[in-house]
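Given these sequences and hints, build the entire structure.
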Amino acid sequence: MIKRSFLGLVKPRLEYNLAPDPVQDVPLPKTVTLLLKAGQNGGATACKVGDPVKTGQRLAASLDSAEYVISSVTGSVSAMAPYVDACGRQCTAITIQANGQDDWDDGFDKAPTLDTALKFFEYAPGNPSFKAFADPEKTIRTIVVNGMEQDLLLTANQCVVQNEASDIKSGIDVLKKMTGVDRILMTVPENHVQPASTTGAEVKTVRGAYPQGLAHMIMKDVVGQVVSADETLADTGAVFLSAQAVAAIGAAFNTGKLPVTKVLTVVGKDGSTRNVRTRIGTPLGDVLQACNVTLTDRDRLILGGPMRGIAAYSEDLPVEPGTDGVVVQDDADSAQTTDYPCINCGECVRICPVRIPVNMLVRFLEARLYEDAAAIYDLHCCVECGLCSYVCISRIPIFQYIKLGKYELSLIETAEAANE
Amino acid sequence: MSSQKKLVVAHAPYWHDGSKISTKNYHVMIAALPAVLMGISQYGAPALGVMAFAMACAMIWELFWNLVLGKSMSIGDGSAAVTGLLLGMLMPATAPWWVIVLGTFIAIIVGKQIFGGIGFNPLNPPLLALAMLVISFKGVFDFDEALRHYDLGFIMTYPLADLKAFGPAAIEKFSLGDLFMGRQTGAIGSTFGLGLIVGGLYLILRGYVRWEISLSFLAGVFITALLFNLSDSAKYAGPLFHLFTGYTLIAAFFVISEDSSSPANFIPMLLFGALAGLMTVLIRNVGAYVDGVPFSILLMNLANPLLDKIRPKAIGKVVENA
Chain L
1 MIKRSFLGLV KPRLEYNLAP DPVQDVPLPK TVTLLLKAGQ NGGATACKVG DPVKTGQRLA
61 ASLDSAEYVI SSVTGSVSAM APYVDACGRQ CTAITIQANG QDDWDDGFDK APTLDTALKF
121 FEYAPGNPSF KAFADPEKTI RTIVVNGMEQ DLLLTANQCV VQNEASDIKS GIDVLKKMTG
181 VDRILMTVPE NHVQPASTTG AEVKTVRGAY PQGLAHMIMK DVVGQVVSAD ETLADTGAVF
241 LSAQAVAAIG AAFNTGKLPV TKVLTVVGKD GSTRNVRTRI GTPLGDVLQA CNVTLTDRDR
301 LILGGPMRGI AAYSEDLPVE PGTDGVVVQD DADSAQTTDY PCINCGECVR ICPVRIPVNM
361 LVRFLEARLY EDAAAIYDLH CCVECGLCSY VCISRIPIFQ YIKLGKYELS LIETAEAANE
Chain C
1001 MSSQKKLVVA HAPYWHDGSK ISTKNYHVMI AALPAVLMGI SQYGAPALGV MAFAMACAMI
1061 WELFWNLVLG KSMSIGDGSA AVTGLLLGML MPATAPWWVI VLGTFIAIIV GKQIFGGIGF
1121 NPLNPPLLAL AMLVISFKGV FDFDEALRHY DLGFIMTYPL ADLKAFGPAA IEKFSLGDLF
1181 MGRQTGAIGS TFGLGLIVGG LYLILRGYVR WEISLSFLAG VFITALLFNL SDSAKYAGPL
1241 FHLFTGYTLI AAFFVISEDS SSPANFIPML LFGALAGLMT VLIRNVGAYV DGVPFSILLM
1301 NLANPLLDKI RPKAIGKVVE NA
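As given, the protein sequences belong to chains L and C, one line each in that order.
Note that the first sequence covers residues 1 to 420 in the working numbering.
Note that the second sequence covers residues 1001 to 1322 in the working numbering.
Treat the hints loosely; a few may be bogus.
Taking lysine-lysine pairs in the DSSO-like style, the calculated list, with each CA pair at most 27 Å apart, reads [claimed, not checked]:
| id | chain 1 | residue 1 | chain 2 | residue 2 |
| --- | --- | --- | --- | --- |
| 1 | L | K403 | L | K220 |
| 2 | L | K169 | L | K204 |
| 3 | L | K269 | C | K1005 |
| 4 | L | K403 | C | K1138 |
| 5 | L | K406 | C | K1313 |
| 6 | L | K169 | L | K37 |
| 7 | L | K403 | C | K1317 |
| 8 | L | K403 | C | K1020 |
No lab work stands behind these hints: they were computed from the structure.
Encoded structure:
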C-alpha cells in the first residue's frame, strides 16, 4: 500500500504497474463455476444437473435470451444454484465437473458478423459488450482497444498486448468486419507502443498515472470527447474493449475455438505480482494455490485491483471473464473506514480527476439526498476511481456512498419508468 | 467443498494513504512548539500553566459533552487538545483560571459541539472564544495592563495598542527584528514570528495546512497595510509591522487554516484568506479594536459556504440552459 508522502503538499501519485510478469499456466481445474446472469427460471432452461458439456459449449438461458455462458471445460454439470452477485443481480451458478479432457464443441461458426459477436463473445475474457452496436439508437464511430489496466498493480492486459499482438491484429480485422467501424484506436502505456503498433490500430499512449486508464479519462484525454453526466460511453459513439477481449476474438477466428481462458494478475500479501492463465470459472482458491499464495481467516480476497475491486466472501467463487486480477490483502494492511464526519479538508476535491466537489457531495450522500447530489453536486460525473476514499483523512467510505447513491438513483429511475 | 475461510469483505478502495485526523492534530501541536516554548521561556510557569490548563479544560469539556450526549468518545482525535492549545497561545500569560474555563467552554461547546462536533463548526472555535472573551473582559486582554508586572528586557508595551493610541510615530521605537524574534509583548504563543513561520512552513510542506489560505491571508494583510501606508504614512503603520505584530502570524498558520470553517476550492481559498487579511488591517487601522484578527476571520468564516460555491465545473457536468 502506498502511503502519504512525507511532503504532503504534493498530490499523491499512484502509478500503474507497467512491468508485466511472465504468464504461467494454472493446471486444469477439477470444477469450474460459471455465473449465468439470469435468475433461477432462466437458468433452469440452460442445462440440467448431470448434462454432459463440452469445452466451448454455449449454455444459454433460453433460445432467444441474450444471456449465456461458455463452458470452459469438458465434463458434466454437477450443481446449479441461485447466486446474487455483488451488485445485487440474480444469477445462476452452474458448476461443471471436469473430466480432465478437452473435447471441443463445434457450435462456433466463423462468420464475422455482429450476430456471431453477440452470440459467442459476450462471455469472452475482458467482458466485451457488443450490445451498443446492435442498438439502433446509437451510432458507434470509434472502437477503443484498451491496453491499459483498470486498476493499480494489475498487468494482465499489458501482458496480452506484449505477447499476443498478432491475435489482437486479427481481432481488430474481425471487429472491423463485424461492426463496420473503421476508426479503431488502441491505448497503451508508453512502454508498449512497439507491440501495439504492429496491430494495425491507431496507437495512442496514455500516461501511467492512475486513473488515466479508465474509459472516461481516455475519452477526455485521448479521444478528446468528454462523456457528460447524462450519457453513457456508447452515447458518445465509442465502445471500449479490453486488449484481452480483442486478442481472444482474434485467436478464436484463427483457431476456430472459442476463448475459454483468461489472463489475470495475482497479487500476494507482500505485494508481489504474477500473471497466470486460467480457465474461466476456475475457483479462486485453485488460482491462489497454483501461485502459492496462502489465505487465512480475516484476509481480504479482492476481485480486481486495490482501488476499484470487489471483495469476495469465499475462495470458492470463480474467476469471471471480467476478473483482471485477484488481490490478497492481510487484515493488518486493509483500510478501515470510520463514521467520522467530513472535516472539509478538501483533499478529495483536489485529487478528484473530474473536479467533483466531493466535500459537498458526501454530505448530501450521507443525508441520503441522492437526487440533489446528482443535480447539484455532480454525482453522475464520477468515474469511480476511488481516489477520494484513498486520501480521506476522516476515512469516510466516500466511494461506497457514491456507488450507493448511483444505485439508489437507478432504482428510482427504474421505478419511475415502470409507473409510466 | 474446501474448508471455508472466513474472509472480510468491504467496499473498495482497499488502500488508504494512512492519514488520520489525530496524526494531523499532533503535527499541528508539534509545529506550534517553537512559539509555545518561546512563550514559556519569556513568561515562565504562568504561561505554561495557562496553556496546559486550557488544553486540559478543552479536553474535559469535549469529554463532558461526549458523556452528556452519549456520543462516542472524540477526545482521542486531538482536535480538542489543539483548540485548547491555540486558545492558550492566544491568551496573555496572566489570564485568570475562570477566563480559561469559560473560554474553552465557548470554544468546545458553543463553537463546535452544539453544531454537531468536529467538521460541523461554521466558525473557528478558538477564535470564537477569543472574540467573545475580548469583548466581555477587556481588561484581561489589555496586554499593557495584564503584563505590567513583567520586565523582560524589551519594550513592554503592546505594539498594536501603541499604534492605535498614538499613531505610527509611537511605534518607531520597535525594531522589526525585535518584533520578528518575539521581543514584544502580546499573547503567549503569538509573538515569536520566526517560530510561527517555521512551524507554519512545516505544516504547509507536510500538507496539513493549505498554503493558499495562509499565504493569501498574509498577502491580504501586507497589501492592504501597504496601500494604507502609501496613502498616508503619518497615519498608518507599514505592512511589515502589521505582519509581525498581534495575532497575524499565528492566525495565518494555525488559526485561519482550520478545516471546517474554511473553503476547499482553490479560488475561494485565495479569496477567503485575502479578504480576511484585508478585513484585519481595516479593523486595525480604522476600526474600534486594537487587533482585528479574531473578528475579520470570524466574519470570513460566515462567508465561507458562499465563497465555496465558486468552483470549477465538474468534467462532464451537464449545464441546462434556462
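### Task
Please write out, lowest number first, the hints stated earlier that are contradicted by the structure.
Structure breaks hints 4, 6.
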